[in-house]
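S.K.: So the sequences go chain by chain: A, B, C and D.
First residue of the first sequence? That's 91 in the numbering used here, and the numbers climb one at a time after it.
First residue of the second sequence? That's 91 in the numbering used here, and the numbers climb one at a time after it.
First residue of the third sequence? That's 5 in the numbering used here, and the numbers climb one at a time after it.
First residue of the fourth sequence? That's 5 in the numbering used here, and the numbers climb one at a time after it.
Hints are computed from structural coordinates only; laboratory data are not their basis.
Here the structure is a predicted model, which means the values were calculated and not measured.
Errors might be hidden in some of the hints.
[To be verified] Footprint (simulated), chain B over chain D, 3 or more residues, beta carbon under 8 Å:
(1) 19 to 25
(2) 33 to 39
[Unchecked claim] For lysine to any residue, the following SDA-like pairs were computed, each having C-alpha atoms within a straight-line distance of at most 20 Å:
(3) B/223 - D/54
(4) B/158 - B/228
(5) B/228 - D/63
(6) B/163 - A/226
(7) B/107 - A/110
(8) A/228 - C/62
(9) A/107 - B/177
(10) B/174 - A/110
(11) B/163 - B/187
(12) A/228 - C/67
(13) A/174 - A/136
(14) B/212 - A/221
(15) B/174 - B/221
(16) B/228 - D/60
(17) A/212 - C/33
(18) A/204 - A/187
(19) B/204 - B/149
(20) D/50 - B/107
(21) A/174 - C/33
(22) A/212 - A/187
(23) D/30 - D/51
(24) B/204 - B/220
(25) B/228 - D/30
(26) A/223 - B/204
(27) B/212 - D/49
(28) D/30 - D/72
(29) B/204 - D/37
(30) C/50 - C/33
(31) A/204 - A/228
(32) A/204 - A/188
(33) A/212 - A/163
(34) A/212 - C/17
(35) D/67 - D/37
(36) A/174 - A/228
(37) A/212 - C/67
(38) A/204 - B/106
(39) B/158 - B/188
(40) B/212 - D/21
No residue lacks a Cβ here, since even glycine has one placed at the ideal position from N, Cα and C.
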Amino acid sequence: MIELTNESINSEAILAKMEDHATGGVVLFLGRVRDHAEGRQVERMDYEAYSEMARVKLQEIENQTRAKWPVRKMAIVHRTGTLKLGEVSVAIAVACGHRGEAFEACRYAIDTLKETVPIWKKEHFADGAAWVKGVQPKSKCQEGDSK
Amino acid sequence: MIELTNESINSEAILAKMEDHATGGVVLFLGRVRDHAEGRQVERMDYEAYSEMARVKLQEIENQTRAKWPVRKMAIVHRTGTLKLGEVSVAIAVACGHRGEAFEACRYAIDTLKETVPIWKKEHFADGAAWVKGVQPKSKCQEGDSK
Amino acid sequence: MLTITLRFFGQLRELTNTEETPIQVKEGTRIEDLIWLVGERFPVTKEHLKIVSFSIDNEYAAKDAVLREGNVVGLLPPISGG
Amino acid sequence: MLTITLRFFGQLRELTNTEETPIQVKEGTRIEDLIWLVGERFPVTKEHLKIVSFSIDNEYAAKDAVLREGNVVGLLPPISGG
Numbered sequence: 091m092i093e094l095t096n097e098s099i100n101s102e103a104i105l106a107k108m109e110d111h112a113t114g115g116v117v118l119f120l121g122r123v124r125d126h127a128e129g130r131q132v133e134r135m136d137y138e139a140y141s142e143m144a145r146v147k148l149q150e151i152e153n154q155t156r157a158k159w160p161v162r163k164m165a166i167v168h169r170t171g172t173l174k175l176g177e178v179s180v181a182i183a184v185a186c187g188h189r190g191e192a193f194e195a196c197r198y199a200i201d202t203l204k205e206t207v208p209i210w211k212k213e214h215f216a217d218g219a220a221w222v223k224g225v226q227p228k229s230k231c232q233e234g235d236s237k
Numbered sequence: 091m092i093e094l095t096n097e098s099i100n101s102e103a104i105l106a107k108m109e110d111h112a113t114g115g116v117v118l119f120l121g122r123v124r125d126h127a128e129g130r131q132v133e134r135m136d137y138e139a140y141s142e143m144a145r146v147k148l149q150e151i152e153n154q155t156r157a158k159w160p161v162r163k164m165a166i167v168h169r170t171g172t173l174k175l176g177e178v179s180v181a182i183a184v185a186c187g188h189r190g191e192a193f194e195a196c197r198y199a200i201d202t203l204k205e206t207v208p209i210w211k212k213e214h215f216a217d218g219a220a221w222v223k224g225v226q227p228k229s230k231c232q233e234g235d236s237k
Numbered sequence: 005m006l007t008i009t010l011r012f013f014g015q016l017r018e019l020t021n022t023e024e025t026p027i028q029v030k031e032g033t034r035i036e037d038l039i040w041l042v043g044e045r046f047p048v049t050k051e052h053l054k055i056v057s058f059s060i061d062n063e064y065a066a067k068d069a070v071l072r073e074g075n076v077v078g079l080l081p082p083i084s085g086g
Numbered sequence: 005m006l007t008i009t010l011r012f013f014g015q016l017r018e019l020t021n022t023e024e025t026p027i028q029v030k031e032g033t034r035i036e037d038l039i040w041l042v043g044e045r046f047p048v049t050k051e052h053l054k055i056v057s058f059s060i061d062n063e064y065a066a067k068d069a070v071l072r073e074g075n076v077v078g079l080l081p082p083i084s085g086g
């Protein structure tokens, strides 16, 4: 399941969704607001999404991940709005039969999210603010990737 | 920190220990009891540890992981005793500045745990029980591993 | 003429002070033609348009994609989610 | 003679029905000599000893490690934690 939300991300609720007696390995990635960026002290971060399109892209990532690995349960949740230091901006959880698959699938999902989902962030410093430089989006998940 | 415990593993408490404003990426791995093994239906699992030595080996894994990656926070918790289906047998959480480091460090820790920590498990089926085949332990963490 | 909707995000939204706006274009207009039209109408965007990506109806669009009536076109600065 | 402590785990603990037991060995006894002594005292372990690893005082020990007074020697079947 995918979710784009303005509310705090509840990692325990996400882990609860991973319950499944057939899978031995769960990997959860949490991305969160760091207190520094390029040597400057960050005070908070604004996340802005192209919501409709971001949901389409998040769902594509889930679909692609499931196509590449034997995923039994998966959740991708991305936060929007203003986040304080230490708050979770993105959570990705994957449950697979074996740990290697779960690590690879989770890593693929966060790497692809950063390359494809139309979300922007603006860092607020004590003395100003700046949009994070960002990367040119890739138009889709890399269908030809090897596992 | 490392812990060997007979109690339920509380993943939320472990994530709470990862709080740190300097790190953007947290990876949590949960291993749990699966309902099947080599085609047989598992009903529960007993975990037995050589407790004193297991604690020494778990601490070595944390030390080695910290030596190889810029880890800011880390927790390794392994359960002992009788576990039901779906219960968490091991949790490893790592917080690093960047996600790649966190994924690699967490993966290294669980892989090394399975190769070095003296713990044994016995699977209980509807019609009997068997010690899991296991692997010959490696005598120590691979000091020469490349990152 | 076709009516399409432009949507601005991130720095472009701030610079244009616009979230979305309709724009009239001729039949056969491609994204690459639209870039020029946007630059004329929002001169403040001109220096950014070379690193902007475009979407049509929630999918990334190539520069030679031809616009259709009712398309929603997103002007997407380099992304930084996660 | 030295007194050392043997500790059994997993399947070996079950087979011997023993968690730990003292054993007397001569000065200069190595792990590889101890394997033979254990096989004599606990014949049920014989067929397993070739795949057992050993620890001395919470550290994995090589077959040629020499035992010292008071050592705790673990007989460790292949491990399966995680």
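S.K.: Each of the hints needs a verdict: does it hold here or not?
M.R.: Hint check:
{"no.": "1", "hint": "19 to 25", "result": "violated (count 0)"}
{"no.": "2", "hint": "33 to 39", "result": "violated (count 0)"}
{"no.": "3", "hint": "B/223 - D/54", "result": "holds (14 Å)"}
{"no.": "4", "hint": "B/158 - B/228", "result": "holds (18 Å)"}
{"no.": "5", "hint": "B/228 - D/63", "result": "holds (11 Å)"}
{"no.": "6", "hint": "B/163 - A/226", "result": "violated (32 Å)"}
{"no.": "7", "hint": "B/107 - A/110", "result": "violated (25 Å)"}
{"no.": "8", "hint": "A/228 - C/62", "result": "holds (14 Å)"}
{"no.": "9", "hint": "A/107 - B/177", "result": "holds (14 Å)"}
{"no.": "10", "hint": "B/174 - A/110", "result": "holds (12 Å)"}
{"no.": "11", "hint": "B/163 - B/187", "result": "holds (10 Å)"}
{"no.": "12", "hint": "A/228 - C/67", "result": "holds (14 Å)"}
{"no.": "13", "hint": "A/174 - A/136", "result": "holds (9 Å)"}
{"no.": "14", "hint": "B/212 - A/221", "result": "violated (54 Å)"}
{"no.": "15", "hint": "B/174 - B/221", "result": "holds (16 Å)"}
{"no.": "16", "hint": "B/228 - D/60", "result": "holds (15 Å)"}
{"no.": "17", "hint": "A/212 - C/33", "result": "violated (33 Å)"}
{"no.": "18", "hint": "A/204 - A/187", "result": "violated (26 Å)"}
{"no.": "19", "hint": "B/204 - B/149", "result": "holds (14 Å)"}
{"no.": "20", "hint": "D/50 - B/107", "result": "violated (46 Å)"}
{"no.": "21", "hint": "A/174 - C/33", "result": "violated (43 Å)"}
{"no.": "22", "hint": "A/212 - A/187", "result": "violated (38 Å)"}
{"no.": "23", "hint": "D/30 - D/51", "result": "violated (24 Å)"}
{"no.": "24", "hint": "B/204 - B/220", "result": "holds (18 Å)"}
{"no.": "25", "hint": "B/228 - D/30", "result": "violated (28 Å)"}
{"no.": "26", "hint": "A/223 - B/204", "result": "violated (41 Å)"}
{"no.": "27", "hint": "B/212 - D/49", "result": "holds (18 Å)"}
{"no.": "28", "hint": "D/30 - D/72", "result": "holds (10 Å)"}
{"no.": "29", "hint": "B/204 - D/37", "result": "violated (28 Å)"}
{"no.": "30", "hint": "C/50 - C/33", "result": "holds (19 Å)"}
{"no.": "31", "hint": "A/204 - A/228", "result": "holds (9 Å)"}
{"no.": "32", "hint": "A/204 - A/188", "result": "violated (25 Å)"}
{"no.": "33", "hint": "A/212 - A/163", "result": "violated (32 Å)"}
{"no.": "34", "hint": "A/212 - C/17", "result": "holds (12 Å)"}
{"no.": "35", "hint": "D/67 - D/37", "result": "holds (9 Å)"}
{"no.": "36", "hint": "A/174 - A/228", "result": "violated (29 Å)"}
{"no.": "37", "hint": "A/212 - C/67", "result": "violated (27 Å)"}
{"no.": "38", "hint": "A/204 - B/106", "result": "violated (25 Å)"}
{"no.": "39", "hint": "B/158 - B/188", "result": "holds (14 Å)"}
{"no.": "40", "hint": "B/212 - D/21", "result": "holds (16 Å)"}
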